[in-house]
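Taken in order, these protein sequences are the chains called A and B.
Reading the first sequence from the start, the letters are residues 1 to 103 in my numbering.
Reading the second sequence from the start, the letters are residues 1001 to 1680 in my numbering.
Simulated from the structure, these hints should not be mistaken for laboratory data.
All of these numbers come straight from a predicted model, not from anything done at the bench.
Any given hint could turn out to be false.
Taking beta-carbon pairs under 7 Å as the criterion, some of the chain B residues facing chain A (in silico) [said to hold, decoys possible]:
1) Ala1488
2) Ala1575
3) Trp1576
4) Thr1649
5) Gln1652
Built from N, CA and C at the ideal position, the CB exists for glycine as well.
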Amino acid sequence: MHSEGSAEIVVVRGEIDLATADAVRADVRAAFERAEAVVLDLREVDFMDTQGLAVVIEAQQASAEDGTRFAITRAPDHVHRLFDMIGLTPRLTVVDDPAAAAS
Amino acid sequence: MTDLRAASARLGAAENPGRRSAATVISLAAVAALTILDASWSEVISATVVVAPFIAAMFAGVRQTALVAAASIASALLSGIWNDNFADAGYLVRAAIVIVGGAFSILAARTREDAVRAETLGGQLIAALSNLAEAVVLQDREQRLVYANEAAAETLGFSSVDALLAATPERQDGLADYYNEDGTPLTPEQYPSRRVLSGEELAPHRVRVINRATGEERWRLTSSRGVRDGRGEIQLVVTVIEDITDQRRAELAQRLLGRAGAALSSSLNYEHTLQEVADLSVPDLADWCGVSIPDHHGLIKQVAVAHSDPEKVAFARRLGERYPSRVGDPGGAAQVLRDGMSQLIPEIPDELLEQAVVDDEHLELIRSIGIRSGIVVPMTAASGRPIGVLSLVNAESGRVFTEADLELCEELGRRAGIAVENARLYTERTVIAHTLQRALLPPGLPEIPGFSLSALYRPAGEENWVGGDFYDAFAVRDGWVAVVGDVAGRGAQAAALTAFARHVFRTSAQLHDDPLDAVAYLNQQLYDRPGQAMCTLCCVHLRARGPAAEATIVCAGHPLPYTVRQAGAAEPVGAWGTMLGAWREGGWSRSTTTLEPGDVLVLYTDGVTDATGAADRYGDDRLRAALAESRDAEDALRRIADGLADFETGEQSDDTAALAIMRSEPAAGSASGDQLGSAA
């Protein structure tokens, strides 16, 4: 996780599932506490299950509630497909460059 | 032994240098006086001078005696000079007496000095032995005690060394019972002193000793060695007896607690593990060990009993069955269960037995055990509540329990109590989990005329984990609805949400004619729940259309179902819609497809596609390939199960649910019935 001004980028690599979701959730929550803009960098996420989706949804909901800007950097296609499947994609800001989104 | 000490003190005084010097001076003065007398008075006196070295030999050292002997010989020579009688035969005899006497005196002085030294050394050694904390005894070839120190008298249970030495061998042994480390009695043939006398080299030997009178248990480490004479014959056996009771008890306690802990944590079958604990306690801790737990009927059930003799165990079981104790009984186990207070009865009087028994026969049976000492401790749960009791009894060993034994038993009771509680909680949790799980799923799939249904459900991980996947199938006003869903989260909270989602959806689908309305209603209900309450599902509304059927599919954040038409390829069907519970608004759509007889529709959760294999996830492509050519509902699910079984490695983290529906071939009877009905 690194900070750029009042924006924080949370970088996640590997799998977000039952085993890891709680750790990612804690990082995302902490970022929301501190920053005005949070970017979840999912470019190196190989796999996400319902637990992982729940983390992204929670961040999206938090953003909708308190106005913290929230974006994700485009995940690999098979992960992004899950966002499409559950109807999350239209509610997300998807960017290609996390630094640009944070500034 | 006090004599020896006194002798050593006396001999020490003889070595006093002042006395030596005095004896030397007196001896030399005697030589001088006799020489003067001899010179002035009579030649006969020259032989008398031999008395002087004798005196020196009695009280002075070798050197002083040699000096006096030399002086007396010189005196004899001087006598010869003065009297000029060297050639005289009488003079030669007298001179020889003085020379030989002097030589003997020197030898005598030397022998005496050696003896004094040896005796002093022996005395000092004995004094040192007497002061040793370790008991030391010396036995002769006939195994008679020839020496024992004070520690030995104390260790062997005698008031003094004299009392020990005066006691007969029978009485020396008769005060206590001796056992080997393994619990077998130590026979006289096994006595270390006897084995050493017969020429054996023995390693130190641990012996458990129980004082017959007091019932006190001690542990001794005995080391015996033979003392050989110049010819190599063993003349004496030295035995050092060390009291290792404290060390041995600590060792036994640690070992018992360690092994009991391992046994208790090895299994959830606590009646079995308690038996192991009881077995571990005999004979080191007690002759008998029993474990009792109250049942729901107020009986204190004996769940374990141990004794080193299996016949006695059988006897105790029969006794327990015939005379069961009840939670309301006064005293004993029932009392400990009520107040949680341990009981230590070092010596159990007969009156106590009389109070505890039901009838005379019971009393006889109890008496036949020969109970001497007893401990009853509670097995306590983490909360401190007694949930059972450990009873320990000493009978034939005659051992009397101590406070240290009580402490050890209490610790054992605490550990056993927590293990039993954990096992019970775990069992209870498993029962609750199974009950909940049954609530998540329909009791069985309904018989749907014109369709055959088959379901697969596999919760992840241990059996007590309740999963978040569910499926259901039920009748609605104009047909049937089948659904497969997946609630986010795990454990009890997810289980509660799963039950909620399934029941809300079922009720809502039965009230609304349109599955879209049921989905939207569930979304609203989940969204309004506090916290994240999210769910994905795929439902299908089935309606017969002649021999075929119309299937209306609605998906909400869920993978699309597959159709396998006429045992052909598997094709996804339907359209994605918004996950439920995440947002107030969502978009869902109906997709309608026709199921011809023999067509199979398969609904599943992502537990199937997310299943982990050696390198990757099971995925859509493998699922699709597995489902191809499914002949019917059951066959489709078997293909999924077989495919997963071949693919998966390790324990799966997600639940798996799947539901397959086939439009049946119309039965001849029902088809004609339809025709008749339509004809009418």
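Each hint, compared with the structure:
1. Ala1488: holds, 5 Å
2. Ala1575: violated, 10 Å
3. Trp1576: holds, 5 Å
4. Thr1649: violated, 15 Å
5. Gln1652: Interface hint status for Gln1652/B: violated (10 Å vs cutoff 7 Å).
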